Amino acid sequence: GESVGLHLPTLSVQEGDNSIINCAYSNSASDYFIWYKQESGKGPQFIIDIRSNMDKRQGQRVTVLLNKTVKHLSLQIAATQPGDSAVYFCAENRDSGAGSYQLTFGKGTKLSVIP
Amino acid sequence: KAGVTQTPRYLIKTRGQQVTLSCSPISGHRSVSWYQQTPGQGLQFLFEYFSETQRNKGNFPGRFSGRQFSNSRSEMNVSTLELGDSALYLCASSLEGGTGYTFGSGTRLTVV
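As you go down the protein sequences, you meet chains A and B in turn. Each residue of the first sequence is one higher than the one before, starting from -1 at the first, in this note's numbering. Each residue of the second sequence is one higher than the one before, starting from 93 at the first, in this note's numbering.
No wet-lab data here; the hints were simulated from the structure. Keep in mind the model is a prediction, meaning the values are calculated, not measured. Heads up, the beta-carbon is just placed ideally off N, CA and C, and yes, glycines get one too. Honestly, I wouldn't trust all of these hints.
Said to hold, decoys possible - Partial list, derived from the structure: chain B residues whose beta carbon lies under 8 angstroms from chain A: (1) G134; (2) L135; (3) F137; (4) R147; (5) G150; (6) L182; (7) G190; (8) Y193; (9) F195; (10) G196; (11) S197; (12) G198.
Claimed, not checked - Using 27 angstroms as the maximum straight-line C-alpha spacing, the simulated DSSO-like pairs for lysine-lysine come out as follows: (13) K40/A - K105/B; (14) K69/A - K108/A; (15) K66/A - K108/A; (16) K69/A - K105/A; (17) K108/A - K40/A; (18) K149/B - K105/A; (19) K66/A - K54/A; (20) K40/A - K149/B; (21) K54/A - K105/A.
Unchecked claim - Covered, in the sense of this in silico footprint (three residues per stretch, anywhere, with C-beta under 8 angstroms from a C-beta of chain B), are these stretches of chain A: (22) 37 to 45; (23) 99 to 107.
Kindly generate the complete structure, drawing on both the sequences and the hints.
Here it is in structure tokens:
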């Protein structure tokens, strides 16, 4: 069935290193993807998004790459900091018709930053 | 500006009871979506409301319902609670849906 998933459930990185979190999606018709960060006790927080007409988008210390050929999405965090420790989700924004959309989330990757 | 406010933050209910959760969206946002988050199933879409109308519904039983008021505030209700309904319930608001979602901190529901 259609789904949005992540390759790794946990990722540990040294402070200052770069982090790469991956995501695979199966709905080739999807045209909008979002990365969220969720800290303990909080709701998902928007990090960065990308539309299917783009291959790459950069934010502050974050970059999202989209490979439509293999239906793969990745989030790169530069110079990872302890405050980056959280669970990261990719989400696919699907058109449900009648002007409505819904987010389909992957399972999440827990990023732990080692000081 | 104020974010998305969900109340209460925590709830403990007994099986068979019903519960109502509230979500106040960001001012000016007309779309409110609800999601259930559990360790096993992750984040799953419940429903979306726009201008007081349910525009979309996820794959949940009829025990899960919701509504939206004229000020865009939304409530969701779960009747005849089951142990498996224990979860973090999140709402997200956006201007008109489709982009720019902002999530609240959620309501943690525990069913005992």
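Answer holds if the nearest beta-carbon of chain A is closer than 8 angstroms to that of G134/B; otherwise answer violated.
-> holds (5 angstroms)
Has the segment 99 to 107 of chain A got at least three residues whose CB is nearer than 8 angstroms to a CB belonging to chain B?
-> holds (count 8)
Within 27 angstroms, alpha carbon to alpha carbon, are K66/A and K54/A?
-> Between K66/A and K54/A the Cα gap is close to 11 angstroms, so the pair holds against 27 angstroms.
Can G190/B be said to touch chain A, with a Cβ gap under 8 angstroms?
-> holds (4 angstroms)
Does the structure keep K108/A and K40/A at a Cα separation of 27 angstroms or less?
-> Roughly 14 angstroms between the alpha carbons, so the hint for K108/A and K40/A holds.
Closer than 8 angstroms between Cβ atoms is the bar; does R147/B clear it against chain A? Give me holds or violated.
-> holds (4 angstroms)
Once the shortest beta carbon distance from G150/B to chain A is found, is it less than 8 angstroms?
-> Holds, about 7 angstroms.
Under the criterion that the straight-line Cα-Cα distance not exceed 27 angstroms, is the pair K69/A, K108/A satisfied?
-> holds (22 angstroms)
Under 8 angstroms, Cβ to Cβ, is where L182/B needs to be relative to chain A, so tell me if that hint holds or is violated.
-> holds (5 angstroms)
Hey, K66/A versus K108/A, does the alpha-carbon distance stay inside 27 angstroms?
-> Between K66/A and K108/A the Cα gap is close to 25 angstroms, so the pair holds against 27 angstroms.
Hey, K54/A versus K105/A, does the alpha-carbon distance stay inside 27 angstroms?
-> holds (23 angstroms)
Is the hint on G198/B kept, meaning its closest Cβ partner in chain A is under 8 angstroms away?
-> holds (5 angstroms)
Figure legend: structure checked against the earlier numbered hints; every hint is met.
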